[in-house]
Amino acid sequence: MKIRAILRFLSRANQLAQDYYNAPYRAAVARAQREQEDLFMLYVYAELMGIPNPASYYTLELQPLLLEQFHDWHLRMGMEHSPFDEFRCC
Amino acid sequence: MNAILLMLLGLGGMFLGYVFYSRFVAEKIYRLDPDFRTPAHEFEDGVDFVPTNKYVLWGHHFTSVAGAAPIIGPAIAVIWGWVPAFLWVVFGTIFFAGVHDAGAIWASNRNRARSIGALTGDVVGKRSQSLFMIVIFLVLLMVNAVFATAIATLLINFPSSVVPVWGAIFVALIIGQIIFRKWLNLGTVSVLGVIALYALIIAGPSVPITLPESVFGVSDNASWILILFFYAAIASLLPVWVLLQPRDYINGLQLFIGLILLYGAVLISGPELVAPAFNTNTPEGTPSMIPLLFVTIACGAISGFHGLVASGTTSKQLDKETDARFVGYFGAVGEGSLSLATIIAVTAGFATLADWQAVYHSFGQGGVTAFVSGGARILQDGVGLNVDIAETLLTVMAVLFAGTTMDTGLRLQRYIFQEWGGIYNINWMTKAAPATLLAVSSCLLLAFGAGGADGSGGLAIWPLFGTTNQLLAGLTLLVITTMLVKLNRPMYVTLLPLLFLLVMTIFALLIQLRGFYEIGNWFLFTLDLLVLIAAVWIALEATATLARLRQQNKTLQATSNED
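Here the protein sequences line up with chains A and B, keeping their order.
Each residue of the first sequence is one higher than the one before, counting from 299 in our numbering.
Each residue of the second sequence is one higher than the one before, counting from 3 in our numbering.
What the hints contain is simulated information worked out from the structure, not anything from laboratory work.
In this text, a Cβ means the ideal position worked out from N, Cα and C, and glycines have one as well.
One or more hints might be untrue.
Below, simulated EDC-like cross-link-like pairs (lysine to aspartate or glutamate); rule was C-alpha separation at most 20 Å, straight line [to be verified]: (1) B:K56 with B:E44; (2) B:K433 with A:E333; (3) B:K322 with A:D317; (4) B:K184 with A:D317; (5) B:K56 with A:D317; (6) B:K56 with B:D35.
To list a few chain B residues with every Cβ distance to chain A over 12 Å, as calculated [said to hold, decoys possible]: (7) I211; (8) K318; (9) I508.
To give an idea of the interface, some chain A residues facing chain B are shown, with a C-beta separation under 8 Å as derived from the structure [as the list claims (entries may be wrong)]: (10) L308; (11) N312; (12) L314; (13) Q316; (14) Y318; (15) Y319; (16) R324; (17) A325; (18) A326; (19) A328; (20) A330; (21) E333.
Make the full structure from the sequences, and use the hints.
Listed below in structure tokens is the structure:
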């Protein structure tokens, strides 16, 4: 019983430490991650914009997987609607 | 007097301030509302806006605002005796800093968690907003130059700290990787990190490192400053999680350990204060206590930098509006207690009055070096630590703080240059590397321009840095006061500190201006003049804004009476 209480205390302390470690930098890290993802998005949809993509054989497969993020992405890039004529979004 | 009594008086006073005065301010003036939907909930996105536990938020707010500045300021200001420094730290914390910090969180919280800079534009006016940017730039410029000089002095005076100080960077780099790759859980990593840091501190005295006194005609002091800026430039370009984040975390842990050790040692050994209560025999060239005391101690009594943290990151993570009282006001109390520990270290950590006078032989002396040697003596008497190890420990604590601030400061300055590049269409300036180069060279110019080629006089700008920091606090107080007037609430709680700060800073700037003129330091003379213009401008803005609001309120009342 005692051991369980100690373990619970430790995991709670660990949780607080984690919050303390991450809270100040959450925004900066998330922003950096988003920037990389945006670049990846551009890469995956490059051919639709007429940019030749040597890896299109592979990235084509990824397009449906990234579709969920597509709307947020084009909004973030400052485009109100999908930039592609043959590829509508909203 | 015994240091224990001073410690109890100071901590007790600040605690009472928290219990009574902060409750009054929170309930009657800011009227914090537990049901107010805070921006952290309203805009919750998992990135910027995240409701956070108030103790965690306090910890991070406190460690972001506590740095080397609350140590350096009081360690210089005790030259007028310990009573003035003690009173200003305690009463400054109770009536100035706490109200300012909690107020900045409240103001930002009520305005969609916008930063104080942006709020100045909305609440006071566009002109004030540009003024705000200029003052921030000046503060950053000075903080980097001053801290580089302070670190260089410490590394020369305590060669035993060189290995742990630079070793700590590698510890942080490794910890960052372990946490980022999730190899171990954070609790284990923290313990390992602290053990590694303390192992380095214990090993430090056996491997002291000194730079040759002159390399190609560059003095050791100047070499350290150049090395430090070279390091800071690289560090500020790295992604935050690589170095800054783990370093900040270790610093935070180290801060709590250091404070507990220092206060514990004071309690156990109970040293006597050897410094005079009021120093009637100040060395020649010491400026008048009023107003210089109030700008020498900025952080620890009131500091504008806190407003930037409070409105930048803290307000976006506030879970309940009522938490602002604990996070903001108690954060200021935490910083006040660090300054109080410094005052005790530099007044009770000497064997005799003659020893103390030998250190404080002219104005601007003492500083962190006095904190380290005084604190080390207390640690030796109190917890039986070897004096070399104690000195290394305190040096590492001070240097790590100053170093992290330099890293962050340079990063922010780079952003400002990049922003200017964007505004004025200067393409190359929007890139990270050239902008960093610009930031570093402007800081180096200040560090060497202020103190000559050996860079030893960089601390000459310390009071000027304090002044600029106070001006920033003044702008924040102006925003809060304006909001209070608009809400038809009593404004004296923030207006009186604002007036006091403005009078003292302008007074101090004039005295320093004369000083720089007399010694013919035209570089600092110009800088002082710039800050003075900003100060007068703020005073005018404040008068104009408050007069306009009073007029509006009168007209409103008149029309409602007619109805």
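Hint-by-hint comparison with the structure:
1. Straight-line distance between C-alpha atoms of B:K56 and B:E44 comes to about 17 Å, which keeps the hinted pair within the 20 Å bound.
2. Note on B:K433 and A:E333: the hinted pairing holds, with a Cα-Cα distance of about 16 Å set against a maximum of 20 Å.
3. For the given pair, B:K322 sits about 17 Å from A:D317 by alpha-carbon distance, which is consistent with the 20 Å threshold.
4. Between the alpha carbons of B:K184 and A:D317 the distance comes to roughly 15 Å, so the proposed pair stays at or under 20 Å and holds.
5. This hinted pair checks out: B:K56 and A:D317 have alpha carbons roughly 11 Å apart, not beyond 20 Å.
6. For a cut-off of 20 Å, the pair hint linking B:K56 to B:D35 stands: about 15 Å separates their Cα positions.
7. Interface exclusion of B:I211 from chain A stands, the closest Cβ pair being 31 Å apart, more than 12 Å.
8. The claim that B:K318 is not at the interface with chain A is violated, since a C-beta of that chain comes within 12 Å of its own (minimum 8 Å).
9. Distance check on B:I508: its Cβ is at least 35 Å (rounded) from any Cβ of chain A, clearing the 12 Å threshold; non-interface status holds.
10. Look at A:L308: its Cβ gets to within about 7 Å of chain B, closer than 8 Å, so that hint holds up.
11. A cut of 8 Å between beta carbons decides the hint on A:N312: the least distance to chain B is about 4 Å, and the hint holds.
12. Below 8 Å, beta-carbon pairs count as interface contacts, and A:L314 has one with chain B at about 6 Å; its hint therefore holds.
13. This hint holds: A:Q316 has a C-beta 5 Å from the nearest C-beta of chain B, less than the 8 Å allowed.
14. Taking 8 Å as the C-beta contact cut-off toward chain B, the hint placing A:Y318 at the interface holds, the least distance being around 5 Å.
15. With a least beta-carbon distance of about 5 Å to chain B, the hint placing A:Y319 at the interface is held under the 8 Å criterion.
16. About 6 Å separates the beta-carbon of A:R324 from the nearest beta-carbon of chain B, less than 8 Å, and the hint is met.
17. Interface hint at A:A325: satisfied, since its Cβ lies 5 Å from the closest Cβ of chain B, which is below the 8 Å cut-off.
18. Because the beta carbon of A:A326 sits about 5 Å from the nearest beta carbon in chain B, less than 8 Å, this interface hint is met.
19. Because the beta carbon of A:A328 sits about 4 Å from the nearest beta carbon in chain B, less than 8 Å, this interface hint is met.
20. Hint status for A:A330 relative to chain B: holds, with the closest Cβ pair at about 6 Å, below 8 Å.
21. Taken as an interface hint, A:E333 does not check out: its beta carbon lies about 11 Å from the nearest beta carbon of chain B, beyond 8 Å.
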